[in-house]
Every structure is written in structure tokens, then in C-alpha cells.
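Below, each chain spelled out in residue letters.
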Amino acid sequence: MSITAFLTDSTLCIGCKACEVACKEWNGVDEDGLAWSGYSYDNTGAVGASTWRHVKFVEQAPVPGFGGNAGEQMSWSFSSDVCKHCENAGCLEACPTGSIVRTEFGGVFIQPDVCNGCGYCVTACPFGVVERNSKDGRAFKCTFCYDRQKVGLQPACAKACPTESIKFGEIEDLRQAAQARIEELHRRGMEDAAIWDPTQTSVEGTHAMFIVRGDARAYNLPPSPEVPTVYLKKSWQSSAIAAGLLLGGTLLAFLSDGARRNGSSR
Amino acid sequence: MSDLLPLRDMDERDLQRERRLDEIRREAERRGQMKVISTRPAGAPFPQASPETGYYGIPLLKQPPWTWEIPLYFFVGGAAGAAAVIGAIADYTGADRELVRHARWVAAAGSVISPALLVSDLGRPERFLAMLRVFKPQSPMSVGVWTLLGFSTGAAAAAFAGFLRDRYGPSLPLNVLENAGQAASLAFGLPFSNYTGVLIGATAIPVWNHNAGDLPLHFAASGLGAAVGILELLGHRKSSALQALGLGAAIFETWEGLRIEGRSHYRLDPLKHGPSGWITRTGGALSGPVPAILRLASLFGSRKRASSLRRWASWSAIAGSLITRIAWIHAGHVSARDWKLPLQEGTPEPRQMGATLRQMPDAT
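Protein sequences appear in the order of chains A and B. Sequential numbering of the first sequence, starting at 4, is according to the working numbering. Sequential numbering of the second sequence, starting at 263, is according to the working numbering.
Chain B on its own, in the form it takes in the complex:
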């Protein structure tokens, strides 16, 4: 016991304690675990910091601090933005008035729910006003808030003016308000339906910024699928325009899903493995292949059968859109918790290093 030599002068009790500590340490290193009460060397041999294990495997990045409101906001905003675009274009091309009215109401509902969700996430309502102090083009959050403001004002004005006109008859001020509101909801609705992809793409979270170029397109298709689904559930299951849009969104989402599965990169792991991977796959299947097949099947057969198939396709796309947003937020959390990712960047052989890192015992 050479390491106890300097302890000779200690009294017997202290010496025993020191010996016990050495025993515990040796046992932990031998068996990889300690089960004595009041000791805590779990995951022994004692965790070490090293280039391969990082700082005891403690994550460098912080997880996104957002509450449940944010993925829901992504879903509502995407659907509302796309609905506003559908409503305005339907109006300009002289489509069914009922469809225009419904699309406007969906957009208007989103224009109320979206800010409510954001304010709720902030905890105190008046804090939302701090966002309106500045406009910062380099901050997607700032651009997004101003887009939301323009969109909400426009969509609410168009729906409100349309409601008054239907009830009290047309008048010049109402026409101006309705047309200006609709134009604004179209102009702001286009970026509003997909900017949330930019919002999470331009962050330090690896799985998000790795997909910075994909997310806005992905979210736009997801929002369009949900908007078409909501409108079809409101009864517009004969519109061939909605059918075409729903089919387009579902095919794009199928392609996006295949793209995620087909690429191989350690930063994409949260989208493929573990619970976050399965949520991503579920969302992807419900947004892409399922509605695509149902819609294609609805092109053949009786009108009644087509309507029923399109109803199922709509439910699937709506659920898929919501689950997709939840999946991406969840994947972001998993990605931020992965302590290896920030330490792998810029190393000569990140793939190889990732492989060796994964073999290390988890310290926690």
C-alpha cells in the first residue's frame, strides 16, 4: 500500500476511512459500478474528460427553451399562411365563393391563435411588445414577428370586412378593407407559411442548421397539406384545385421524407434513430405517402368513395403536419443534448471520430 505511506501518522479511524475510499475506487474501476450507499461512482471507471469523451459528456449546447406552444404555433402558422394564399388566389381566379370565405376564416382563425400562442410562450403578455421596438433583417425571429403582424392584420381585416359585407351589403369602405386585407394576407401569407423553417434553420442546433436549406420548403409543403386538409374537411372535397394542391404537397413531403432517409450524416441521427426518429417517420408517412396514395385512389371510382378517401387524406395530412413540427422540435432537443456534435465539427475525420466516440461508455 505504497499510496498510504504518508498517512502513517493519522489515527486509526481516519486511516480506515482512507483505506475504504481506496477500496471503493478500486472496486469501481474493476466492476464498472459501485452499489454502496453514499458513494456515487456510477459509470465507473470514474468519468474522465478527454478529447474523445468531451467534458464528462456534458452537452455544450443548451436545449431550445420553448414550451409546447411553439410546435403548435409552427403548425397553425403554416396552415393559416397557406390558407390565406389559397383564399386570395381562389378569389382572384373567380373560384367558388364558399371556398374563398372558408379559406379566409381559416386564415383569420390562425391570425388570432398564432399571436396568442407566442404571447403564452413568453409568459407575460406585455413582453410581446418588446419585439415591436426594432426590425432586424438578420434575426429570423424579428422578421417573423413583423410578418406575423402584417399577416394577422390583413387576414383578420379581410375576414371581418367580408363578414360585414355579407350581413349588411357592400359599401366602398368595406370593399377597400376587404381587398387590401386580402392582398396583405397573400403577400405576408407566402413567407408566413414557411419562415419557421428559417427560424430553426439559422440556429446553433446541429440537426436544424444542417437542414437550413430544406426546412422552409419542407414546412411550406407541410403547411399547404394541412390547409388543404382543413378546407376539405369543411366540405370542399369536390374542388379539383384543392385536390391538385393536396397531391402536390403530399408528393413533395414524400420526396422530403425519402431525402431525409437517404442522406447519411451523423448530424441527421435524431431524425432517424430513437423516439425522435420514429416521431419524424410517423409525421413523414402521414404527410407524404399516406395522403398521396389516398388522393390518387380517389381519382378513380365513385364520387362518394372519392369524397371519403379525400376526407381520410385530409385527416392524415393535418395530423402529419402537426406531428412533423413536433418531431423537428424534439429532434432539436436530442441534437442539442448530443455532446459529441459540437466537438466533432472541424476535426479532420469527423465520421471516424464519431464512431470512436460512440463506443465510449456513457458517463451519465
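Chain A with its partners taken away, still in its complex shape:
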């Protein structure tokens, strides 16, 4: 039993969407993206209930040598997005049914037979990954191919990736591989390449790391995601104060009212 992770290297991605197709094939996920979004060759715009892998097509201003295009053309890069499988997962903490669990491989898994469709995980995910399926109301997201990992297979997306842009393996091995890859990219002059893995935030790192060039915000990867449980203390304190004020205020109001009535009737 090992703790596993994805390392998605956007410098190797060719935007073929084989990962999206393989994911849909293996997991029986609904078709959802035959229309163009109007943003480059992107279909759905984001991961969601029926898009567990999503290839982003990042068209940026012309930067010579970036994305492998001619200098005067826009630079073009691709990155396959997926559930981040946070170390400290907002959806898992928020789930009121216990449907969302941490698997023995370290991933975050929604048990579809337990999920009751309350939708609270949707508001708790700092990456906008979990979504309610409009047809049956339950929440869905990447399962980290829990069924495949159970029998020793790698997730379908990683297996289908033709360039090994999606790497799958033990998390510590991948962290080292990511470091080695960054050093190599820097040596080759791509000094803007960096690893995105929010270990310094309350999310405490993810089981889906990314290598991107330039500012990760262009890939909709937030610089400082927070797991919503960090707001619990403040909220419950406010709730306790509110309850105390309500109780005290009501007591005071009725006691003084009673005193006045007794006084006047005497």
C-alpha cells in the first residue's frame, strides 16, 4: 500500500485530450464537450461533474521560444487539469454523510452510493472541482481511479497519456522527479518553469502536482488556496456569542417585562 500522486507536466502536454477520453471510457462519464467554448481548443472550460480530466489550452501573448511556436505567433501551452486530491481536503471535511473518504492511496474518493446530493462539498472546494450532476443531483469528481489502483493498475488518464505528461506514482518519487525535471528545464533555458503544489497553505499540498511555465494564474491555478475549515473557529465563536446574546437578551426582556407587570398590578 503506497501513497500515490499525479504529476502533470505541462511542458510535455500536446493537448491531445487522450486523458479526457480514457477517463470517460473507463469511468463511464457522460459526454459533455462536443461544442467549442470559443477559447482556443477548449471544450468545457473547467473540470466538473462530467469532466474529471480537463485539458486547458493556454494561449498567451507571443513569447519567443515559449510553447514551441514561431516568434510572432501566440505562445501556446496545454495542461491537463484534474482533482487536486488535497492533503487537507475541504470537500472531505464538509461532507455531512461521510460519503467522501480518504483512500488507502491518499486520494479523496466520493462513494456514490452514500452521497445524498446536499452540495456542500461544492461550496467547500477551493479549486472548483466537485460539481453536482444535474441529472441525479449527486456530486461527482475524479476518483483517482480507485478501482484501478486497488488492483495495481495506474489511473486511466496516466496510462493513456502518449507523452508521459501525466505521471503517476508514489508521491515521494514524483516529488523527486518533479525537482529533477525542473532542474533539467532550467538547464535548458526554461527558467520560468516551476512546480505548483500548495504545501505552504492550509491545503498542505496536493496529490496532483503540476509543472507549468510562467505564472500559474494563467492556468487558473490559485496561488493561495485555503481549506474552508480554517474559518470554522471564527464562525462558531460568532455563533456562540449570538446564542448567548439571544438567550441573555430574551431573558432580560421578559424578566423586566414581568417585573413591570407585577409592579403595576400590585
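Source of the hints: derived by calculation from the structure; they are not laboratory data. Keep in mind that the hints are not guaranteed to be accurate.
[To be verified] Some residues of chain B that are not near chain A, with every Cβ distance over 12 angstroms (derived):
id, residue
1, A378
2, A446
3, S502
[Unchecked claim] With a straight-line Cα cutoff of 30 angstroms, these simulated DSS-like cross-link-like pairs (lysine-lysine) come out:
id, chain 1, residue 1, chain 2, residue 2
4, B, K398, A, K153
5, A, K138, B, K534
6, A, K153, A, K138
7, A, K138, A, K27
8, A, K237, A, K27
9, A, K237, B, K534
10, A, K237, B, K398
[Claimed, not checked] To give an idea of the interface, some chain A residues facing chain B are shown, with a C-beta separation under 10 angstroms as derived from the structure:
id, residue
11, S5
12, A25
13, F60
14, S80
15, P99
16, T106
17, G109
18, G120
19, A180
20, H189
21, G192
22, A221
23, Q240
24, T253
25, S259
Built from N, CA and C at the ideal position, the CB exists for glycine as well.
The hints should help you fit chain B onto chain A, whose structure is shown.
Chain B alone, transformed into the frame defined by chain A:
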């Protein structure tokens, strides 16, 4: 046409198409728009991904998936919880029996309507039972469901036992049921009237979690104002205790409204600008200053005039409470759709960056 050089070997028709594409692209970049059928470069120059525009301005966060039942549930739950507290305290302090009875019935009605709204939001009734598998202190939804369960049982039992006692006379089992139910509805009613503030405060939605420390107090005051309003509309417009509570809630809501207006932060924008801002202001005015002024005015003048003013204050507070809940949910949607917010967090100068981001043309 240096970029067409490699295309020399193409036949004339393909070459024309390629040239047309280049024309379209140039026109889009020059005029910022294209109106030819079958092309779609609206918002051109073609949308680009960048640190300043995010990923084509596509929102990172998902909007809250809840249906219309949820803001209504927030309203009903807040009013019912506060009504249960009023009923129990009124009973313990020996206030008017009729007020105790009415407060219990308001709480009992809420105890039936609340779960019905939640079940309806889930789509299939039996799914509600999945919430009862576990108790998770770190999930406000789980804590809330168990609070609702305790509250509903207590409030319904107290009202039912009271009804039987009034009809068939007192007996020991009925007294036990009534007192235990009332105690439970008080104990659970206190958190039940405000936990929905925690529920939306502890989420990834920026405008909600930014107000995590305010929302429970805000929602408690809103619920109290609505509960007092309902009881006064049921005829208790002479109770000075209700008057004091209604005034207290209205003054707190006025302060809360001023606090929202007074703070300046880009995460608070949905509460101040656009339709969601105006819904928030409407709810705030109806919950705060309007009932506060009406109630203060009712302290002077004839008894008949006071009763009329308090009736208007009650309607205003009830409407204000409902609109306030709708406003917060709506603001949450607007906040989730604002793609800039999650990308601004943790950047060195979020204010400044927000300003530059806003000047970028909207890609959609």
C-alpha cells in the same frame, strides 16, 4: 504575406480560405469584434490567458448548487429557532400564556417546514437519511442537521403535548413531554437560529468566508427580528418584551448594515455593487433602520397608533429577514463567478492587482 509562404503549394480554394481566416483575425484584432456569420471571435482581440486575465476569465470556483429552498430554509429556520427561545423563556418567566402557545406553534411550524425544504432540495426524500449516518463536528452541515433534528423533535413535542393538555386536561406524561420538549427546543433553538451563518461562512466562497465572523450574529439578529414580527402579527403587539427584542434586533441589523457599507474590500463587492448589492441593501434597510424607526415612533402616541406602527415594523422585519437570506445566497453566486478573486489571494498587492484586472476587457 510572409506568413502564407509555406502555403504556396495549396490549391487556390484552400489558399483563399487561409487568407480569409487571416483577414478575420486581423479585423477582429483591429475592431475588437467580428460580425461575420460562422465566426466567433467576440471580445477580440482573441481572448488570452495571462496572470492578469486568468484562464480566459473562466471562474475557478463552482457556484453554490442549492435551489430556491435553501434561502427560504435559512429564513424559516432562523425565525423558528428564535421563536422557540422566546416561547421557552416566556414560559419560564411566567409571561402571557397565549404568547407562549403562539411562540411554540411558530417553532413547531418551522420544525416541520425546515426538514421539508431540505428534503426537497435533495431531490429524493430517502437521501436525507444519509445525513444521519455520522456526526461530524468539523462539518457545519452535519452539526446543523443534528441540531435541526433535536430542534424539530423538541419543538413539535412541546407544541403537541401543549395541545393535548389544553384539550384533555393535564397529566404527568404530557407534562414531562411538554417540559422536555420545551427544554430541547430552547437548547437546540439557540444554535439552530444562527448556525446557517456558520454553514455558509466556512466555505470557499470569498464573500461568505470573508464574513465568517459576522454571519452567525447577523443571521441570529435577522431570525429574531422575523420571529418577533410573526408573533406581533399574531396579535402580541402590547408585549413590551417583544418590543424590546424587536428593537434590539433592528438596531443590531442597522449596525451590521453600516458595517458592511463601511468596510472596503474587493471581496465585499457583491454586497455593494450590482443587483446583489441592491438586494442586500433592500434587505438591510427593511431589517434594520425601518423597523427600528417604526418601533421607536410607536413608543410615543396613542395605543392604537403604536399597534399600527408595530404591525408595519413586523412586516418590514419579516420581509427584511427573507430578503437578507436571498441576498447573501445571491452574493455568494456573484462572488463564485468572479474569476479574479481566487487568483488575487496571496498576491503581494491584491488591491492594486484587482484594479488592473478590472480594466481588462471581459472575455465573455
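Hints versus structure:
Every Cβ of chain A is farther than 12 angstroms from the Cβ of A378/B; the closest lies at roughly 15 angstroms, confirming the non-interface assignment. The non-interface label for A446/B is consistent with chain A: the shortest C-beta to C-beta separation is roughly 15 angstroms, beyond 12 angstroms. Interface exclusion of S502/B from chain A breaks down, the closest Cβ pair being 5 angstroms apart, not more than 12 angstroms. The straight-line distance between the Cα atoms of K398/B and K153/A is roughly 27 angstroms, inside the 30 angstroms bound, and the hint therefore holds.
A threshold of 30 angstroms between alpha carbons decides the hint, and for K138/A with K534/B the separation of about 35 angstroms lies outside it, so the pair is violated. Between K153/A and K138/A the CA atoms are separated by roughly 29 angstroms; this keeps the pair inside 30 angstroms, and the hint holds. Straight-line distance between C-alpha atoms of K138/A and K27/A comes to about 17 angstroms, which keeps the hinted pair within the 30 angstroms bound. With a C-alpha separation of about 41 angstroms, the suggested pair K237/A and K27/A falls outside the 30 angstroms cut-off, and the hint is violated.
Between K237/A and K534/B, the direct Cα distance comes to roughly 23 angstroms. Compliance with the 30 angstroms bound is thereby established for this hinted pair. Between K237/A and K398/B the alpha-carbon distance is near 18 angstroms, which keeps this suggested pair within the 30 angstroms criterion. Taking 10 angstroms as the C-beta contact cut-off toward chain B, the hint placing S5/A at the interface is violated, the least distance being around 27 angstroms. Annotation: interface hint on A25/A violated; nearest CB of chain B at approximately 23 angstroms, more than 10 angstroms.
Checking F60/A against chain B by beta carbon gives a least distance of about 8 angstroms; that is within 10 angstroms, so the hint holds. At a threshold of 10 angstroms, the smallest CB-CB gap from S80/A to chain B is about 9 angstroms, leaving the interface hint in force. Residue-level restraint check for P99/A holds (minimum Cβ-Cβ distance to chain B is 4 angstroms; threshold 10 angstroms). For T106/A, the interface hint is violated, the least distance from its beta-carbon to any beta-carbon of chain B being 18 angstroms, above 10 angstroms.
Hint on G109/A is violated. Least Cβ distance to chain B is approximately 19 angstroms, over the 10 angstroms limit. With 10 angstroms as the threshold, the beta carbon of G120/A comes within range of chain B, its nearest partner Cβ sitting at about 5 angstroms, so the hint holds. Below 10 angstroms, beta-carbon pairs count as interface contacts, and A180/A has none with chain B, the closest being about 26 angstroms; its hint is therefore violated. At its closest, the beta carbon of H189/A sits 20 angstroms from a beta carbon of chain B; the interface hint therefore is violated under the 10 angstroms criterion.
A hinted interface residue such as G192/A counts as satisfied when its beta carbon comes closer than 10 angstroms to some beta carbon of chain B; here the least separation is about 21 angstroms, so the hint is violated. A distance limit of 10 angstroms between C-beta atoms decides the matter here; for A221/A the minimum to chain B is near 4 angstroms, and the interface restraint holds. The restraint placing Q240/A at the interface with chain B holds, with a minimum CB-CB distance near 7 angstroms, inside the 10 angstroms limit. Nearest Cβ of chain B to the Cβ of T253/A: about 4 angstroms, under the 10 angstroms cut. The hint holds.
Evaluation of the S259/A hint against chain B yields a held restraint, the C-beta minimum of about 7 angstroms falling below 10 angstroms.
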